[in-house]
Amino acid sequence: MGSCIICGKSVEGRICDLHEEDALFEFRGSRADQLSVDRYYRGSVDGFAEFGVFVDIGDSVTGLLHRSELDQRLDSLDWDSGDTVYVQVKNVRDNGNVDLGWSIRQSEREFRGVLVDDPEIGHSVLLENEDDEDETQSDDSDEEASRPSTDESAGQSDDESDADEGTESDDSSATNAGAVSRASDDDRVEGTAAVGGNDSGSNTAVMTESDEEADAESDESEEQTDEATTAEPVAAAIGDLDDHVGADVRLEGEVVGIRQTSGPTVFELQDETGTVDCAAFVEAGVRAYPEVEEDDYVRLSGEVRERRGELQVETEELDVLEAEEREEVEQRLADALDDEARPDTAEPLADDTAVAALSDDLVEAATQIRKAVLTDRPVIVRHANTADGYLAGSALERAALPLVTEQHRRADAKYHYFDRRPIEGGVYDMDDATKDTTTMLDNRERHEEKLPLFVFVAAGGTRESLDGFDLLNVYGAPSVVIDDIDVDGAVVDTVDAVVSPSADTVSETTSTALAANVAAHVNEDVRDDLQHLPAVSFWEDIPEPYVEAASEAGYDETAVSELREAVALEAHYQSYEDKRELITDLVFGDDEEDVGGLAGHIAEQFREKVDEEVSTARANLDHRTVGDVDIAVLDTDAFTHQYEFPPESLLLDELHRDVRDESDAVLGISTDTMYVRANGDLDLHELVSEVSERVPEGGVATRSVREGTIRYLAGERPAVLDATLDVLADEL
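Here the sequence shown is numbered in UniProt numbering, starting from 1 and rising by one per residue.
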């Protein structure tokens with residue numbers, strides 16, 4: 001029997017079964033069949049193929065990490081040849097091929113120890129002890145050779161032999177030795193000690209002055225040691241622990257993570273200055289302080305140690321704070337986080353009065369996003385599947401991703417802690433909310449992720465989204481709405497922050513203009529990247545300050561128009577995707593030397609498809625005159641291509657711009673949906689309410705204010721159309 005070289009548990013070999021899974025191995029062999037299946041190994045990227053990544057394990061063996069083993073798309077890996085990665089050996093085939101698996105631990109510090117797997121040694125050695133292995137073997141041999149004989153007679157000294165003979169001198173010596181020991185303790189202050197009543201100088205112990213000084217220093221050292229042992233831990237901030245290595249400290253903060261290893265329980269503690277791992281050990285694999293849960297505020301005492309280049313606190317005492325103590329620490333951390341997350345200044349991208357009036361709201365929204373990143377909370381941007389929605393979402397993505405990458409060491413952090421998902425029609429309905437809730441709860445259960453911050457852009461601003469918000473609120477997921485409409489008051493009361501213009505400035509801005517300004521405050525370093533986005537989001541009447549900003553960024557009128565149309569086309573084809581690469585290339589030209597090349601090519605397709613559809617629709621308009629109002633009606637079931645580009649909402653926008661000089665409104669009507677476009681201001685909710693009163697059996701309801709869509713029962717289509725024409729004529 002031996003001992004596990006990590007935890008010391010008695011085992012047959014060199015490492016116990018529990019720590020076999022938690023240890024990282026460095027392979028020193030030369031053949032694939034020398035690898036151990038199920039072990040985790042350090043490797044380096046050798047090359048890429050369509051089906052996976054080739055990884056070198058050691059100097060002589062290469063394995064395949066198949067794309068099915070990855071936790072992200074192969075084309076999203078941020079790996080270069082030679083990069084260090086951590087993989088698990090899943091199988092070694094008879095032909096020498098090695099199948100590798102993905103390790104969720106992608107840094108050395110996440111493993112319990114690093115061991116050398118060297119077939120020539122025949123057993124595993126801790127990497128840090130490798131150099132001592134041969135010396136240990138040699139020392140063991142030398143020690144064995146120099147060890148005294150265990151023979152009893154050989155082990156006796158001459159004095160012991162004399163003692164066996166019972167001589168008086170040895171008895172006297174034994175007595176005197178005891179007397180000297182006692183005198184040293186009791187009579188040290190006198191300077192001399194008389195021994196055994198013998199006047200002989202040989203039996204008198206005299207302490208010299210130097211002896212007294214040495215003993216005094218010894219006593220003082222012992223007192224200092226005792227004081228150090230019983231001293232109270234020093235109150236410290238996590239950010240200052242570098243100055244306290246080897247000392248006992250007392251920390252106060254929030255438990256933001258708990259992980260149970262096969263050895264200690266590790267509590268991730270966060271205060272206003274940083275985060276540190278605190279290890280608490282009962283026995284191998286047993287949960288320490290089971291009463292402590294995530295989100296608890298605690299007071300923790302322990303010794304600061306450095307382990308593999310990282311600071312760690314060896315926990316000696318851990319108490320959950322309650323009542324006033326908890327509130328005090330919680331408020332202190334919250335205030336510090338707000339101070340860190342809040343942008344220093346509020347400076348718009350351009351001279352935009354609509355944006356300037358919302359400076360406080362912009363800063364608050366930016367603070368919420370920055371706070372989420374700083375506290376390891378994923379950020380989910382939910383945006384309309386329109387050009388405005390995609391441009392706005394891309395602006396926030398541009399700002400947040402560098403902060404996420406800086407906050408997390410994992411190469412794939414930007415895929416775990418930031419996501420952008422389109423919403424159809426700009427309405428966050430129960431279908432969307434249910435999918436989001438299921439995903440976030442699954443991530444919390446499987447990966448111990450915090451509930452995300454949801455940021456709604458060009459979406460969620462109307463009462464049709466309330467059911468979705470209510471579901472998020474059941475679980476306490478925070479949310480922010482950035483919308484260019486006058487956000488419904490009920491929505492304002494439901495979410496955590498809102499950026500929305502007042503009713504009289506709605507037509508003067510876009511969601512992209514608002515979101516780009518929020519993004520510039522989330523991350524000042526990307527401000528220049530965002531200058532052209534507001535101009536791109538306006539289909540007409542671009543405010544002059546944004547025209548100038550786009551021009552300064554290198555986008556003339558043609559480039560702005562082409563980019564808008566290209567994004568609109570891709571927004572349709574990516575309606576159910578959350579891919580970011582193509583949109584990034586389009587909007588920011590990251591991988592294109594000629595920015596206009598890709599956008600111009602796609603914009604040409606946009607114009608061909610839209611012009612053809614508008615031409616067909618215009619030829620089939622049914623003009624209805626009600627009083628002095630001309631309303632153009634299009635049967636979208638009969639005269640549009642279903643499920644192809646352009647979608648009905650975009651087609652009706654283009655058609656309305658084309659005929660508005662001759663018609664006061666355009667209605668697009670299908671089996672159970674109606675699209676309304678009008679020249680003047682129109683309150684869709686009031687329109688629906690009035691139509692519903694006239695056709696109570698029609699099931700008339702607002703589908704999306706943003707898209708101007710109404711739903712009704714197909715069987716009541718003729719009655720609903722007639723009522724809508726009458727109400728529209730009255731309104732206009």
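Incorrect hints may appear among the rest.
List time: in silico EDC-like cross-link candidates among lysine to aspartate or glutamate, alpha-carbon distance up to 16 Å [to be verified]:
#, residue 1, residue 2
1, Lys371, Asp339
2, Lys450, Glu340
3, Lys435, Glu406
4, Lys450, Asp467
5, Lys435, Asp338
6, Lys435, Asp470
7, Lys90, Glu69
8, Lys371, Glu340
9, Lys609, Glu581
10, Lys450, Glu293
11, Lys450, Asp376
12, Lys435, Glu424
13, Lys371, Glu424
14, Lys450, Glu424
15, Lys609, Glu648
16, Lys450, Glu524
17, Lys371, Asp344
18, Lys450, Glu268
19, Lys371, Asp436
20, Lys435, Asp412
21, Lys450, Asp339
22, Lys450, Glu294
23, Lys90, Asp59
24, Lys90, Glu50
25, Lys371, Asp335
26, Lys371, Asp470
27, Lys609, Glu654
28, Lys371, Glu330
29, Lys371, Asp496
30, Lys90, Asp33
Here are the simulated distance ranges between beta carbons [claimed, not checked]:
#, residue 1, residue 2, range
31, Gly309, Glu232, 39 to 47 Å
32, Asp658, Gly47, 28 to 36 Å
33, His447, Thr616, 46 to 54 Å
34, Thr439, Val320, 53 to 61 Å
35, Asp658, Glu347, 37 to 45 Å
36, Glu347, His601, 34 to 42 Å
37, Glu120, Asp243, 39 to 47 Å
38, Ala334, Asp637, 25 to 33 Å
39, Phe51, Glu283, 39 to 47 Å
40, Asp243, Gly47, 42 to 50 Å
FYI, nobody ran anything at the bench for these hints, they're computed from the structure.
For each residue, glycine too, the CB sits at the ideal point set by N, CA and C.
Status of the hints after comparison with the structure:
no., hint, verdict
1, Lys371 to Asp339, "10 Å, holds"
2, Lys450 to Glu340, "20 Å, violated"
3, Lys435 to Glu406, "29 Å, violated"
4, Lys450 to Asp467, "22 Å, violated"
5, Lys435 to Asp338, "31 Å, violated"
6, Lys435 to Asp470, "14 Å, holds"
7, Lys90 to Glu69, "10 Å, holds"
8, Lys371 to Glu340, "8 Å, holds"
9, Lys609 to Glu581, "24 Å, violated"
10, Lys450 to Glu293, "14 Å, holds"
11, Lys450 to Asp376, "7 Å, holds"
12, Lys435 to Glu424, "14 Å, holds"
13, Lys371 to Glu424, "28 Å, violated"
14, Lys450 to Glu424, "26 Å, violated"
15, Lys609 to Glu648, "13 Å, holds"
16, Lys450 to Glu524, "26 Å, violated"
17, Lys371 to Asp344, "14 Å, holds"
18, Lys450 to Glu268, "14 Å, holds"
19, Lys371 to Asp436, "21 Å, violated"
20, Lys435 to Asp412, "23 Å, violated"
21, Lys450 to Asp339, "21 Å, violated"
22, Lys450 to Glu294, "10 Å, holds"
23, Lys90 to Asp59, "19 Å, violated"
24, Lys90 to Glu50, "20 Å, violated"
25, Lys371 to Asp335, "11 Å, holds"
26, Lys371 to Asp470, "22 Å, violated"
27, Lys609 to Glu654, "12 Å, holds"
28, Lys371 to Glu330, "15 Å, holds"
29, Lys371 to Asp496, "13 Å, holds"
30, Lys90 to Asp33, "12 Å, holds"
31, Gly309 to Glu232: 39 to 47 Å, "29 Å, violated"
32, Asp658 to Gly47: 28 to 36 Å, "54 Å, violated"
33, His447 to Thr616: 46 to 54 Å, "50 Å, holds"
34, Thr439 to Val320: 53 to 61 Å, "31 Å, violated"
35, Asp658 to Glu347: 37 to 45 Å, "39 Å, holds"
36, Glu347 to His601: 34 to 42 Å, "36 Å, holds"
37, Glu120 to Asp243: 39 to 47 Å, "44 Å, holds"
38, Ala334 to Asp637: 25 to 33 Å, "55 Å, violated"
39, Phe51 to Glu283: 39 to 47 Å, "45 Å, holds"
40, Asp243 to Gly47: 42 to 50 Å, "45 Å, holds"
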